[in-house]
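Protein chains: 2
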Amino acid sequence: MRLSNAFIPTLRESNQDKESISASLMLRSGLIRMLTSGVYVYLPSGYKALKKIQSIIREELDKVGCQELLLSVLQPIELWKLTGRDKELGQTLICFNDRKSRTLCLGPTHEEVITDLIKNNLFSYRQLPLIVYQIQTKFRDEIRPRAGLMRSCEFIMKDAYSFDIDDEGLDKNYRRMCDCYKKIFSRCGLNSYMLEADPGVIGGSMSHEFMVMSESGEDKLFFCESCDTAFAYQEGKSAMCPECKKSLVTKNAIELGHTFKLGTKYSKVQNATILDDQGKRRTLIMGCYGIGVSRLLPAIIDVHHDDKGIIWPKQVSPFDVAIVVIDISKPEALAFANKLYSQLESSSKDVLLDDRDVRAGVKFNDIDLIGAPIRVIIGKDWENSKEIEISLRGEKNTTLKTKEVDALENILSLIEK
Amino acid sequence: MRLSNAFIPTLRESNQDKESISASLMLRSGLIRMLTSGVYVYLPSGYKALKKIQSIIREELDKVGCQELLLSVLQPIELWKLTGRDKELGQTLICFNDRKSRTLCLGPTHEEVITDLIKNNLFSYRQLPLIVYQIQTKFRDEIRPRAGLMRSCEFIMKDAYSFDIDDEGLDKNYRRMCDCYKKIFSRCGLNSYMLEADPGVIGGSMSHEFMVMSESGEDKLFFCESCDTAFAYQEGKSAMCPECKKSLVTKNAIELGHTFKLGTKYSKVQNATILDDQGKRRTLIMGCYGIGVSRLLPAIIDVHHDDKGIIWPKQVSPFDVAIVVIDISKPEALAFANKLYSQLESSSKDVLLDDRDVRAGVKFNDIDLIGAPIRVIIGKDWENSKEIEISLRGEKNTTLKTKEVDALENILSLIEK
Numbered sequence: 000m001r002l003s004n005a006f007i008p009t010l011r012e013s014n015q016d017k018e019s020i021s022a023s024l025m026l027r028s029g030l031i032r033m034l035t036s037g038v039y040v041y042l043p044s045g046y047k048a049l050k051k052i053q054s055i056i057r058e059e060l061d062k063v064g065c066q067e068l069l070l071s072v073l074q075p076i077e078l079w080k081l082t083g084r085d086k087e088l089g090q091t092l093i094c095f096n097d098r099k100s101r102t103l104c105l106g107p108t109h110e111e112v113i114t115d116l117i118k119n120n121l122f123s124y125r126q127l128p129l130i131v132y133q134i135q136t137k138f139r140d141e142i143r144p145r146a147g148l149m150r151s152c153e154f155i156m157k158d159a160y161s162f163d164i165d166d167e168g169l170d171k172n173y174r175r176m177c178d179c180y181k182k183i184f185s186r187c188g189l190n191s192y193m194l195e196a197d198p199g200v201i202g203g204s205m206s207h208e209f210m211v212m213s214e215s216g217e218d219k220l221f222f223c224e225s226c227d228t229a230f231a232y233q234e235g236k237s238a239m240c241p242e243c244k245k246s247l248v249t250k251n252a253i254e255l256g257h258t259f260k261l262g263t264k265y266s267k268v269q270n271a272t273i274l275d276d277q278g279k280r281r282t283l284i285m286g287c288y289g290i291g292v293s294r295l296l297p298a299i300i301d302v303h304h305d306d307k308g309i310i311w312p313k314q315v316s317p318f319d320v321a322i323v324v325i326d327i328s329k330p331e332a333l334a335f336a337n338k339l340y341s342q343l344e345s346s347s348k349d350v351l352l353d354d355r356d357v358r359a360g361v362k363f364n365d366i367d368l369i370g371a372p373i374r375v376i377i378g379k380d381w382e383n384s385k386e387i388e389i390s391l392r393g394e395k396n397t398t399l400k401t402k403e404v405d406a407l408e409n410i411l412s413l414i415e416k
Numbered sequence: 000m001r002l003s004n005a006f007i008p009t010l011r012e013s014n015q016d017k018e019s020i021s022a023s024l025m026l027r028s029g030l031i032r033m034l035t036s037g038v039y040v041y042l043p044s045g046y047k048a049l050k051k052i053q054s055i056i057r058e059e060l061d062k063v064g065c066q067e068l069l070l071s072v073l074q075p076i077e078l079w080k081l082t083g084r085d086k087e088l089g090q091t092l093i094c095f096n097d098r099k100s101r102t103l104c105l106g107p108t109h110e111e112v113i114t115d116l117i118k119n120n121l122f123s124y125r126q127l128p129l130i131v132y133q134i135q136t137k138f139r140d141e142i143r144p145r146a147g148l149m150r151s152c153e154f155i156m157k158d159a160y161s162f163d164i165d166d167e168g169l170d171k172n173y174r175r176m177c178d179c180y181k182k183i184f185s186r187c188g189l190n191s192y193m194l195e196a197d198p199g200v201i202g203g204s205m206s207h208e209f210m211v212m213s214e215s216g217e218d219k220l221f222f223c224e225s226c227d228t229a230f231a232y233q234e235g236k237s238a239m240c241p242e243c244k245k246s247l248v249t250k251n252a253i254e255l256g257h258t259f260k261l262g263t264k265y266s267k268v269q270n271a272t273i274l275d276d277q278g279k280r281r282t283l284i285m286g287c288y289g290i291g292v293s294r295l296l297p298a299i300i301d302v303h304h305d306d307k308g309i310i311w312p313k314q315v316s317p318f319d320v321a322i323v324v325i326d327i328s329k330p331e332a333l334a335f336a337n338k339l340y341s342q343l344e345s346s347s348k349d350v351l352l353d354d355r356d357v358r359a360g361v362k363f364n365d366i367d368l369i370g371a372p373i374r375v376i377i378g379k380d381w382e383n384s385k386e387i388e389i390s391l392r393g394e395k396n397t398t399l400k401t402k403e404v405d406a407l408e409n410i411l412s413l414i415e416k
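Protein sequence lines, in the order shown, are assigned to chains A and B. When you line the first sequence up against numbering that gives the first Met the number 0, it's residues 0 to 416, in that order. When you line the second sequence up against numbering that gives the first Met the number 0, it's residues 0 to 416, in that order.
Quick caveat, the hints were computed from the structure, so don't treat them as lab data. Misleading hints may appear alongside valid ones.
You can't tell identical chains apart in this list, so a pair holds if it fits in one copy or across any two.
Below, simulated SDA-like cross-link-like pairs (lysine to any residue); rule was C-alpha separation at most 25 Å, straight line [what the hints assert, rightly or not]:
id : residue 1 : residue 2
1  : LYS47     : ASN119
2  : LYS219    : TYR232
3  : LYS118    : LEU10
4  : LYS137    : GLN90
5  : LYS47     : ASP61
6  : LYS62     : ARG1
7  : LYS182    : MET0
8  : LYS51     : ILE414
9  : LYS47     : GLU67
10 : LYS395    : GLY203
11 : LYS307    : THR282
12 : LYS86     : SER100
13 : LYS307    : CYS179
14 : LYS137    : ASN96
15 : LYS171    : SER341
16 : LYS416    : MET0
17 : LYS50     : LYS62
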C-alpha cells in the first residue's frame, strides 16, 4: 500500500482509552476505530494483521486434523433454555424477538449449537474423534466495555469443539489442542503460560487458561521466576512455588485462550449420543477450546511496543517492510522506491510505501508508530550515493547501508530470516 | 480430508426446500444445515467452497486497488435516524436495546457506518479516489426466508464503497468495479449479465444488477438470444430488443450483485466533506457495490449440477480431486491411495479420499453428489492391474486409464488445466 492513498489514518495523540497502551496505539496507528462504546471497526492495516493471526490459527489447527466450519450468529433461544444457560448468562446474552415473535439471541459462544448440529449429523462412532472449529464474531452485552478490543461487545473468537466416545479420547484431544495453542501463540510472538482455571459458566470438570504476561493485563497471576511457571491468583495470599519452594511474584497478564473438558455437560442435556462398536448407546464426551482472536491484537501490541509505537512480530505484522522516501520531489529516488515496491509485492510481500508529500519528521514518526519490522529509508542523498538504509524496528544500531543493486536481495533475506 | 472421519454428512433424500434444487443439493451433499428458519450453518466442505469464493473476490478487488476493512455488525440507531432509513427498512431492520437502553441494530448494509467512518478519518483530498470493501455477515428480518441461502435472515455480503471528489471520479470507479464484477463471477463459473435496475432503498441516481440465468431463479428478465443481452423485466409487457429489433424471451435469473451510484445521498445528510485543492469544501461523491457472497454458492450449484449431484467449477470446488478406493480391505490399494493423497496434499491441493468401509454403490453416489471436478477410482482389480481410472465429473466418456507411475502427474495436469 502507498501511504499517499492508503486508508491508514494515523493520529498524533489519542483521547480515547488513556487507560490502555495497546488501545491507544491501535487508534493512533490507524488499526481500529470505535463506532460506539464496545464496538470497533478494523481499518485496512488492522484487518491485515487480524487476517494473519487467523491464518496462523487455521494452519496450526488444520495440521492436527481440526475441521473448520462456520456456525451462525443467530441462535434460537430454545437451545439455551434446554441447558439453562440463558439464565446463567442473564443480561449478557443479547436477545430479541423477530417479526414472527420468535426469540433469537446473538451467540456469545456456541456449545449448544454445535452439540445440536453434531447430534443430528453424526452417523457413526467411526467418525470419532472429531474436532471442529470456527472463527466467528460473537456478542456480549458488557456492563463496562474497556481497553479497545480487550473487552468489547462485538469480538472475534476461535472456538473449537472436540467429540469423543470416551474420556481417554477427550484427554488425548485436550492435550493435542493445548500443545497446538502454545504453537499458535508463539507464532504470534507471545510467550504463553498454561494454568488451571475455573470452568465458570462454560462448565466441565477441568479447565485451563492461556496467559501472556503484560503490565497492562487486567488479570493477575502468581509467577515463579525460578522455574518459569505460572499459577492461578488467589486474592490476598502470598504463596510459594510447589516445585522450587521459592516465593511467587504477582504479575499482570492477559488471557489469550481458554480450554475446557466439558465431558457430558451439554451432550447429556441435549441428548447427543451415538451407538458404539458394541451397539451400545453412549453420550458424547466433549471438550471446548477458545481463543480470543481479536484480543490477540492488543495483547501482541501490549507486549511489543516502545514509546514511539508498535514493534510488530514478523508473522503478524500488517506489513513485512516499510519503504520511506524522504524527499518525493526527487524523481530518481521515487522511481527507485516504486521499483522496489513492485518487486517486493511481486514476491508476495506486504509493503508500505511512504510516498507522501510531508516532512521527514512526520514520516519517521508514522513509520515508527505503524511498526513494520523492517524499515527502508531512501534518503535525501539518493541521487549521489545510491545508498539506502535498512534497519530493524525492534533493534537499535542495526542500520545497514546497502547499494541499489543489493537492496532487494538484502530486504528479502531479512524478511525470511 | 478422509471421508471416514470428515464431517460431511451426505443424505440420500432431503425433506427441506423441495422448492429449490440448489437448496436440496446443498443439504444432501453436506455443505450446509438449517439451524432455524432463515439461519444456516456452513459445514466443512461448504465453508471450503465459500472461502474459495471469498479469495477470488479479494484477489480481484485488491488488484484494482480496493482496500479491505471490517466494519461492525452492531450499529447505533442514531446513524440510521439521520438518513431516515430506519423507517424505510421498517421491520426488516433488526433492533434491540442493550442493558443501558442504548438502541443498536444489526447491519443489513453499511452505507451509514462507512460514511461516518470516512467523514471522521479522511484527512486530505489527496487520498481520493478511495475504495474500501468488507466481507461481512449481515442481517435482515425476512418475512419469508426461502431456498436455503438464496434469501436468509443471516447472510454474507461483500460490500464496497467508493469515495470521489467529483462525478467523473465516480464514473471511473463505477466502471472499474463493474468490470471487476464480471471477472469475479466468471472465475466462479457464472456467466453474468449486467442490467439497469431500480436503486430502491439504497438510493442514488443509477444502479445495475448482475444476474445469472437459472431456471430456478426468483427474478425474471428479458433476454435477447440474438445479441446476448439482458433487460429489466416489466410485468405484463412483451418487448423487442432495442438493438436487434427481435422478440425478447423471458428468463429466470438470480441476482448476484448490485452496484449503485449513490452520489451525495449519504454524504450530504451525514455531512461527509473534504477541502479540495482550491481550499473549497466539497461533499464526497459515493458509490456502493454489493455481492451476495453466500448466495453465490446456491447460484453456482443451480447452474452447475445434474440429476446425480453438484458439478463444481474448478476454482470454487471444495475439493480439487476425489479419490475413491472401492475395496478398502485390499491393503495395497489403500496404501497407494494414501500415498497419492499425501502427495496431492503436499502440492497444496484439496483432496477428498473415500476410505470408508461401505458398498461401492454408496461411494459412487456420494462422490457424484459431492461433485469434485476430478474423480480418481482405485478399483477392485488394483492388485493385478495397477491401473487407476481418472474421469471428469462434468464430462461423460472422459475416463482415462493410467498406470501407478503416471497417476500423480496426470492428476496434477488435469487440476491445472
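Taking the hints in turn, this is what the structure says about them:
1. LYS47 / ASN119: Between copies only: 21 Å across, 37 Å inside.
2. LYS219 / TYR232: Classified as within: same-chain Cα gap 6 Å, cross-chain 65 Å, threshold 25 Å.
3. LYS118 / LEU10: The answer is between: 15 Å across copies meets 25 Å, while 51 Å in one copy does not.
4. LYS137 / GLN90: both (15 Å within a copy, 23 Å between copies)
5. LYS47 / ASP61: both (21 Å within a copy, 12 Å between copies)
6. LYS62 / ARG1: Result: close only across copies, 14 Å inter versus 35 Å intra.
7. LYS182 / MET0: between (30 Å within a copy, 23 Å between copies)
8. LYS51 / ILE414: within (15 Å within a copy, 28 Å between copies)
9. LYS47 / GLU67: both (21 Å within a copy, 8 Å between copies)
10. LYS395 / GLY203: Classified as neither; 48 Å inside a copy, 54 Å across copies.
11. LYS307 / THR282: neither (55 Å within a copy, 35 Å between copies)
12. LYS86 / SER100: both (20 Å within a copy, 20 Å between copies)
13. LYS307 / CYS179: neither (33 Å within a copy, 40 Å between copies)
14. LYS137 / ASN96: Both, since 18 Å and 17 Å are each at most 25 Å.
15. LYS171 / SER341: Answer is between: at 24 Å across copies they meet the 25 Å cutoff, but 47 Å inside does not.
16. LYS416 / MET0: Cα proximity of LYS416 and MET0: one copy only (23 Å, versus 33 Å across).
17. LYS50 / LYS62: Both: 18 Å inside a copy, 18 Å across copies.
In this structure, the hints that do not hold are numbers 10, 11 and 13, in rising order.
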